[in-house]
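Visitor: Line order of the protein sequences matches chains A and B. Note that full-length UniProt numbering has the first sequence beginning at 1, numbered continuously upward. Note that full-length UniProt numbering has the second sequence beginning at 1, numbered continuously upward.
It is worth saying that the hints were derived from the structure and are not from the lab. Don't be surprised by glycine CBs; every beta carbon is placed ideally from N, CA and C. Treat the hints with care, since some could be wrong.
What the hints assert, rightly or not - Pairs of lysine to any residue, SDA-like flavour, derived with a Cα cap of 25 Å:
(1) Lys-158/A - Lys-460/B
(2) Lys-451/B - Val-25/A
(3) Lys-460/B - Arg-107/B
(4) Lys-75/A - Gly-31/B
To be verified - Simulated restraints, written as ranges between beta carbons of each label pair:
(5) Gly-385/B - Thr-8/A: 32 to 40 Å
(6) Pro-261/A - His-362/B: 54 to 62 Å
(7) Glu-64/A - Arg-496/B: 38 to 46 Å
(8) Lys-340/A - Lys-303/B: 33 to 41 Å
(9) Val-25/A - His-362/B: 55 to 63 Å
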Amino acid sequence: MPLNVQGTFVSQKINKIRWIPEEYVETKNFFTGSWDDDVNSIKVWSFESLNEDQDVEIPRQLSEYKVEGDVTQIKFTDKKTIAASVSNGDVKMLEVSVYDKQTPLREVHTWKKLHNFGAETCSCTSLDTLEGDIASIGEDGNVNILNGRRGDVSQAIKGADSCSLHSVCFIKLNEVITGNIRGHMKIWDIRSSTNKPAAAFLLAGDELAATCIVHHPTQPHIILAGSESGALAVWDLRMNQFPTSLLNAHAAGITEMQFHPENPNKLITSSVSGEVWDWSMETLTKKAQEDCVPLEDKTAMNVNTLMPVLHKAVNTLHCDRGRILCGADNEAVYLLKNYKY
Amino acid sequence: MEDIQAVKRVKTFILPDKCFENRVACAWRRGNKFSIYPRSQIPNKTTSESDNKTADKILVFNQEILLFTPILRKLVNEANGTFLSLKKVTETSKNTENQVEYLKLSRQYRSIIRVCIENLQEAGEKEEDAVARNNLLSYLTIFYSIECIWHLCEILYIDIIPGDIVLPFLLEWVRFHFPHHEQSAVQLLESCERGSEDNPDYWDTVVGMVVQGRVDVARALLKLHSAVDTNEFKLVDNSLRSMPVYSVYSGISTGEFTISWKHWQAECRSKLSSRLLAHQPQLELIMRIMTGDYSAFESIRGKYSSWFDVLGGWVMFTTPWARRRELGAAAAACAGLAVGGGGHLDVMVRAALEGDLYLVIHEIQQMADNGWFATHLTDVLLQCGKLHILDKHQTDVTSRLRDSLVLEYGSLLLEHQSLWPVGLSYLASVPDGARRAELMLERIPIRTEGKALRVVAEAKKYGLLGVAQSVCSCMSARALSRGAAGAALAWGARARSAAQCARAAHRALRAYCAGGALPAADLLLTAGATLLVDDTLLLLGKYCDFHRLYKSREFKKAAKLLVSLITSNIAPDYFWATLLLDALPLLETEEPVLSAADSYELMLCLELRAACLARPQAELLRLALARNLARTALHDVQHD
């Protein structure tokens, strides 16, 4: 079956979208986090088919959790709990009921004003989770490691960066990588007590922000970062001074990247220019282990567009097997079905 | 005359009395907002507690905008997509005819309106609050009329009609927007009972079907009458069946068709005048309608809510060969059926049929949809090349009209917290929109860096580099006021603003002089070409580099850098002391790192700037310089 794109307007700009995993069936539920509206919220939705028409599924809102400020990131800490960062500096852990998705989200932990400029509010720009731990970053340049089980701050790296941090990713249990507004990438060893990065390198020469970082699901030494200019950089952390590849990809900033959970050779990216692309990463990641890459192989990238280009930014995507969810600035969510991976 | 019209448009709001005691003043805020405030304050001095409290209030007024309700925001966003597609179509095909594309996009607009209507209906059913439901219902009325007019305009101006024979399309329009009779016909036919004439709606439905041109349905309904086998029924059925229908593809010329049609109508007339139907007044009425009898139409007019219900029938039974531009007379005739003046919708439909698009657009603008309809319809019609509007000096003002509508609509959206990028895309499509966009974009409240980055990206997309720069400068200034030198430098560099960078650099240097750590070292070491924006920034960057070299014990390189910093004379006065004293440890190293020539240079600078240093410090430095000179006099330092 061909790829099927279906959009629904939801009257809020969507900044983050996540499928809610189910145990044995294909999930129908997802989270959205909105931004840039008078009142922003984290909502739970469910796809419901209209009457007898089985093909068309319309999302219906199940519950709403209002937040003060933009929702900047949503990540799962386990199957039913999410960690969400908010632009007023809060980090929240929320739990969705397994049995009845309609019940309001339950607050597990809240770290109020975790990021702040003293009395002034400071945006918590992103977070990443790994086995119940949360690493949050903010415009204040601090990195906080939170323990999701106990609900406390287990480590804080104050002044990790002199300007604002915009992306973060766990590499190992004790290592996080952060990217700032000028494209500086720093690796932090959580156990070390000095506020010194274990390694630091540059994303690109243009000094634009690193907007998102992911690591390869099966080869954890491979790190990818998306830039505000739309470039995509790949590092092999075993030789991390310079990116092994720097690809000028999208026309404007990359907003989110995800490796397909079932097929690690597929990468899906979304961008401010309204594009959603699908990359075949075989050449980039496999060959990176060897010392030299044949030039013709390196330039041969397999990139497809998955959706007609939108006129507004696509802020987020999340895929689950053959279905990809996208959230965009035109106040719509898109469901792409029959994606071949 | 104009004065009276102007006065009619003025709305009066009653302010609370207290406002006027202190002489009110008014100030515009961003967009369609203004505030009223007292010009002189009289603090209440009776008790100490209420010292700060006065009875004065600041009142903020803003226009309530229909389009900003959640349901209609979907319409705004979706229509924006279609608007931009239309723009792309016109740009890519400047010279080729693109009627099919335009039609597709016009239909897309209509389907957007339909979805919106369905959403409103659904919300209306669910809503329990009476006021809110009433609001929804009034929105529904607005969008029903929008859909109706858009459809008519599409038929008359955008659609591709073979042979320009408009009748089938007109009938379709009437059926689509006035489905009342069709619904009851379906009910009657479904129950399929002989003797359906007992149903009170029976005859109205039959007549309705004839007027809407559903001859087959009307005949099927007549068959349900208990007296269907009588001669009168057979006669009418026969006449209905034999009615000639024109089709471009039937192979008959218009002339030929006209003859056969007139012949058919003459036959009908003769049947009427033979009084065969005198016993069946309803059948007689149907026959009279079929002959295009004005009085017959007059008699049924009362059963319909508007005159355009019967428009299709009138055209069908008087001039079925009418072309698109020839509907004016029919419209006049049908409108004449009504008693009393019509509403907005009447005026609009009539103007559209008469080809007076100027009046149509003028009337549309009076609708309470915040200009959504007027903007998009005018845009489509202009791009199709169907809109020609002349002002009183006979100059073509069509595109100016369209531009001004788009401009207003775009500005309206630009005010909204969330819809600003949509507004921006409208403003970008009109010639003088950029200027307005610039003014409004600068005033968008920005609370987070994420939003700032997005505003900058949008501004750059439309070439508003001034806005991008000023947003970055503001972010820089804001960071500086918090004392975050690093962030201030990062944003200052983005703005490429020498002044901002200098301010941030000065702040950092002063902080360092006051005994703090050197801020933003991580940033400065990798800043590269950005440092060249400003001298002070360059000094800061290089000074940072000096610290790095010194810490990694590369004294020779550090010394060289320091000397070049001192001799280049770019340091601000307050920093000289620090810079000169930094030379002290380098002069005392085990192996000399500063050459004799360097020492002379430093001595010169020290004497010129002696005022910067306290006396004992200066003495100490002089001593160190002299000792270094002594060391290097015999064996000078070799710089590699």
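Visitor: If a hint holds in the structure, say so; if it doesn't, say that too.
Guide: Structure-based check of all given hints:
Proposed proximity of Lys-158/A and Lys-460/B is contradicted: the alpha carbons are some 34 Å apart, above 25 Å. With a CA separation close to 38 Å, the supplied pair Lys-451/B and Val-25/A exceeds the 25 Å bound. Of the supplied pair hints, the one linking Lys-460/B and Arg-107/B is violated, its CA atoms being roughly 33 Å apart against a limit of 25 Å. For the proposed pair Lys-75/A and Gly-31/B, the alpha carbon gap of about 38 Å is over 25 Å, so the pair is violated.
At roughly 35 Å, the beta-carbon separation of Gly-385/B and Thr-8/A lies within the given 32 to 40 Å, and the hint holds. In this structure the supplied range 54 to 62 Å holds for Pro-261/A paired with His-362/B, their Cβ-Cβ distance being about 58 Å. Range check, Glu-64/A to Arg-496/B: Cβ separation about 43 Å, and the 38 to 46 Å hint holds. For the pair Lys-340/A and Lys-303/B, the supplied restraint of 33 to 41 Å is violated, since their beta-carbon distance comes to about 59 Å.
For the pair Val-25/A and His-362/B, the supplied restraint of 55 to 63 Å holds, since their beta-carbon distance comes to about 57 Å.
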